[in-house]
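Mind assembling these two chains? They're in different frames, but the hints should get you there.
Chains as they are written, first to last, in this note's numbering: chain A, 1 to 363; chain B, 364 to 714.
Worth flagging that the hints you see were computed from the coordinates, not collected in a lab. Glycine residues also receive a C-beta, built at the ideal position from the N, C-alpha and C atoms. Since no wrong hints were added, every one of them can be taken at face value.
Some, not all, of what chain A presents toward chain B, calculated at C-beta under 10 Å: (1) P69; (2) D70; (3) L71; (4) A75; (5) L78; (6) E112; (7) Q115; (8) E118; (9) W119; (10) F123.
What follows is a set of in silico ranges between Cβ atoms, one per label pair, in the way DEER data are often shown: (11) T136/A to L706/B: 52 to 58 Å; (12) R204/A to R591/B: 55 to 61 Å; (13) K428/B to K110/A: 20 to 26 Å.
With the C-beta cut set under 8 Å, the calculated list includes, among others, these residues of chain B facing chain A: (14) L437; (15) R439; (16) A442; (17) G443.
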Amino acid sequence: MRVLLVSKLAQSSRAVSTIVKYAEAAGEMGHQVAVFGEKDSDFPGLDFSLDVTAFDVAIFVVYMPFDFPDLPYLATLLDGVPKERRIVIDCLGRYNETIRVEHDFNHLEKMEGHQGWEWIEAFQAVAGRVLQPTLTPRRNDVTSFLFHGYDPAAVARPYRSAAEAAAAWATDRPRKTYGIAYVGNNWQRWTQVRAFLEKLEPIRNEVGRICLVGWDWARRPDWAAQLGIRGADVDPDLLARLGVETRDAIPFTAVRDFLAQASFSPVFQRPLFNELGLVTNRTFETFTCDTVPLLCLPKTLAETIYGPAVVPLVVDADVADHVQDVMRRPERYWQAVLEVRRHLGEHHSFGRRLGELVTMLAK
Amino acid sequence: MKVLFVTDRRVDAGSVQALANYSRAGDKLGHTMAVYGSPDPRFGDMHVSTDVTAFDYLVFVFESKLRWMSGLQLARILAGVPRHRRAILDADGMYNRPIVLDGYDHNHVSERDHGEWLAYYTELADRIFQPTLAPREATVEPLLFYGYDPESVMPEQPTSEKAFDVLHVAHNWWRWRELSRRLLPALEEIRPRVGPIAFVGAWWEGAPSWAGALGLEAAFAVDGARLRQLAIDLRPPVPYRDVIATMSAGRVNIMTQRPLLRYLQFVTSKYFEIFTADTTPLIMIDPDQAELVYGPAGRALTLAGRIGDRVLDALARPARYREIVETVRGYLSIRHSYRQRVLELVRALER
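So that you can see chain B by itself, here it is in the shape it has in the complex (with noise of 0.2 Å):
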């Protein structure tokens, strides 16, 4: 099978870490899976075409931006690709019907703001697939879309050579309320006793200059003080194709997960990144999802309970942590690889 991926193509966000993978995945298991897009060096390790009649299925990954292909592209593919071979990958929910949770973190401003995305959506294609086994919306097809790559496992280094002792490699964006309230507490009460600690991604310095206009404040709020007294250093976004090494400069990672993908139980990059990576992941999501994804070994790895005792104890026991990491790596080889992800796109496309 031929499928072409269309997405807002951003190199150090969003899901090409995962279309990366497809590629060589799709090689392995003689399809091809490529990007919509020219050419460019900083998308060097997929495959990328502009023709769109050349491929059996187009699939769209929409995250929180709606219209981020002009009238031109979409004039171009419209009348090149019917309806039927036009599928969306919804990875933030947009197509669910208003969320708003605790009165910060949603899906749409208003019912004409989900209305927009559900014009466009019908337009677009006749599928919609989110990365979750649960859908909400009953048109909504699951399918988890982002994948394990074992063979790109960081080999293991001395925990002498990782520059930080936690590292959180992910944007600021409506992750500031559960860092404020629950992880930095923890971090306070424990940090004469951690070494480094660093932020990595977009944000973290404050917001950006056009999120008052589109209302979303909250999504980027950051209180930069409190993060300097934790003497946190901030860093800016990686490439993608650095994430995996990134994260592998931290003796632990701290996987954060935005309230809204939680609640939809949806799966991300970041879930299989962060257990390809050299370090000990350290996760902010439910026990059960946690199971759900990374098999029985995964709750333990959850930060449930008290989350400073969890950190210091995985600093303090990292052979009995890799034994974990090593379990839930061996489980997500079986489920959740990204041949076994390529074979169920190619499963889906052809219901």
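If we strip away everything but chain A, and leave its shape as in the complex, we get (with noise of 0.2 Å):
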């Protein structure tokens, strides 16, 4: 099959990670997977056509109203690919009723000047079918598709048994750079971090340097005061108190070696994925990297994506606990790790997951 992705493509954000993984899934398993628009050298591993007519569907990537391509490209795709082949994977719950969970929205209507009803008609204008990235959709009229997964070929250092990885974690922690590090952008998470930075203070010396890198850790942004929006709510002060160090964005290729320098990377998601059960990028890559995950996630979506071993990776309210358990007796989570990149790469493997969306539009 070949799959035409439209989407505003971005070194630190949104699907881009996803997007080379299913160009080279789709490599190994005969099919052909491009990205619409111009040639782009800092994206070396995708292909690009504008020719919409070589491809059997085109796929929209949506986050935001931008990836929607500005014209003369959008008339080039709306005229050349029938709606019946044209398809929205929406990523962040855009096609439901306005939805608020604590200060987190799926119509940011503030910073976009989109209301809730212009993305659905959007979305239901420009294509035959809607596809969410959870397995519980709200509406009838939207289609289960994870979209994103999980590449056993990444894993940074593949272990044979847990023994083997706790031993190796336990010798290169006093070497690795940071104790914690998180990857991820400052937006809708902050609630989250607050609550996990508090809770770790009482083993702050335990745990070595802590680091959050991406966009708008040190400090709110002026456009986030001047709207009067919440979501990108940060406190330096706490930061500072705690000698938590921020860092800039880095690109999607860099995330992995990243974390490996870090002996704990949790796993934060904003309160609306949680509600919808939305899945990222996110979500499983953490899993490919040499670092313990500290998933603070509902339990349920915890153990619906990752299975049933997935448990003792899931922080509860005890923080500190849980991160001077792991030191303890490394052993038992690396064996979960090790089941759950089992459990990834059987269930939510990117060629497997390309096989899904290739069933579905066959149907």
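Take a look at the structure:
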């Protein structure tokens, strides 16, 4: 199958990592995946095309309004690909009634100028099908398709046993740059990050350096203050008190190696995603890194995606106890990591995902 | 006919005054003329709609900015309304091939920029209108678009109630060269004999922060010290609904037009608003263009020769100028009313 993905690519956000993996998997499986647009040398691993007639399906991967291309390109797509062969993957749950969870929304009218109905009508106008990366879509006219996936070949250190992994981790831990590192942008995560950091405070000296990597961790951006938007809140005083370092966003190609410099890496999701059961690239990517994931996710969601073996990796209210326990008996946790990796490889590989997509489109 | 105008709705700039008039005039003629968008109290005097499929035609009104519609909006519009029912009003001549006037005002910074506009327009609509009687591009259809509303004419107030002797209501957008070379020297000569003067509009205090990044410093050039020396009161822009009342606070209003639009012989909202206000309009456009739009009497209101003398004359003999203004208003009522404009638009779209 020849798949044309339509999305605005960025080095450190949204679906770029997943899209690159689709391209790799497609090559291995005899399919073709390209990104709609002019050749972009910033993404050497991707093919680009403007020849919409050369593809069986056009898939709009939508996070933001600008993921729909501008004119003249949009018209090329709409004129050149029949609606029944146009699909939207709705990565942020835009294709729902307006949902608010804490101060997280699926329709950010104040920032983007679009109300909920505009999203719904635009999706209906553009595409014959809407897919969402959740196992539990809320609307009857949405198909579940997780979209993101896991690449077993990308695992930084594929240990043969939990004992080997735990020994290596324990040996490396004093040499690692960070005790805990998180890669993700400061958008709708501060409530969780704050709670996580505050609970770590009693064992702060045991943990090692802590680093947050991504947009706007150093301070709340001016635009958020001007618009009265809470989604990029941060408390620089708290970060200073806990000695938490902040760094700008890094490219998607650097994430795995960066997280290998940390003993632990938390996985946070936006409250909206937890509510809708949406998965992201990070849901899977952290398990390819040489670090112990600290899953700050609803337990049910974690078990659904990662399988039953994930339970030890889900952090409950007592973060400090959890981290100390991993340090005391790492093998138990690495056992869980390896079992989850196996589960992900079996159920959520990019090859499997692409196969699901092809089957779905062939129906 | 049902027409939906799609535009970058700005409360103090652009074509929004005209669109409100289309709403009113359309109602009287049995046509529905609405503007794309949700209800907004700032634009309370026009019909609004977001149901693009409920209209016979969509008319996109473009000024100097190309990408004001998001991909989300475009996706909905393009998928919902076929191309042959979409038209463009190219209000600032961006469809024209690159024009540079005296190394100053221009429509495009490069051929590439022009190419982007062309590609965009080509995919958006089949037809391009421009607000001129003399389009320079063969594929453009003339459609004056902007008009005059006789019912909005402000009642005459005594000159003693006017706060200003001279007003200039316009944004500082490609106007400085003409002002600094023609108008300001004239005002400097007569300043002691003229009462309060004000410029009302955006960017008279200085260029916006983003001007440099877009290479538009020249468009916003201004010499604040020179304006201060002339004791010119700088006032912020007013919402479109207050423009005519604001103009009416001046005994004399001077209308300037950016060089590009003058060169292209485009009309604008201001051409007609200024004759709706209770003021003496003095028009800094070519006399032939003035006669073409305003009729023969329009020539008498142009500032083609000694500007200072004309301003003083207008202040000294308001009754004489009032007669000229009334003659022009009569001409505008017959030739350029919004009733006429709606009918022209309907005919043009049906062609």
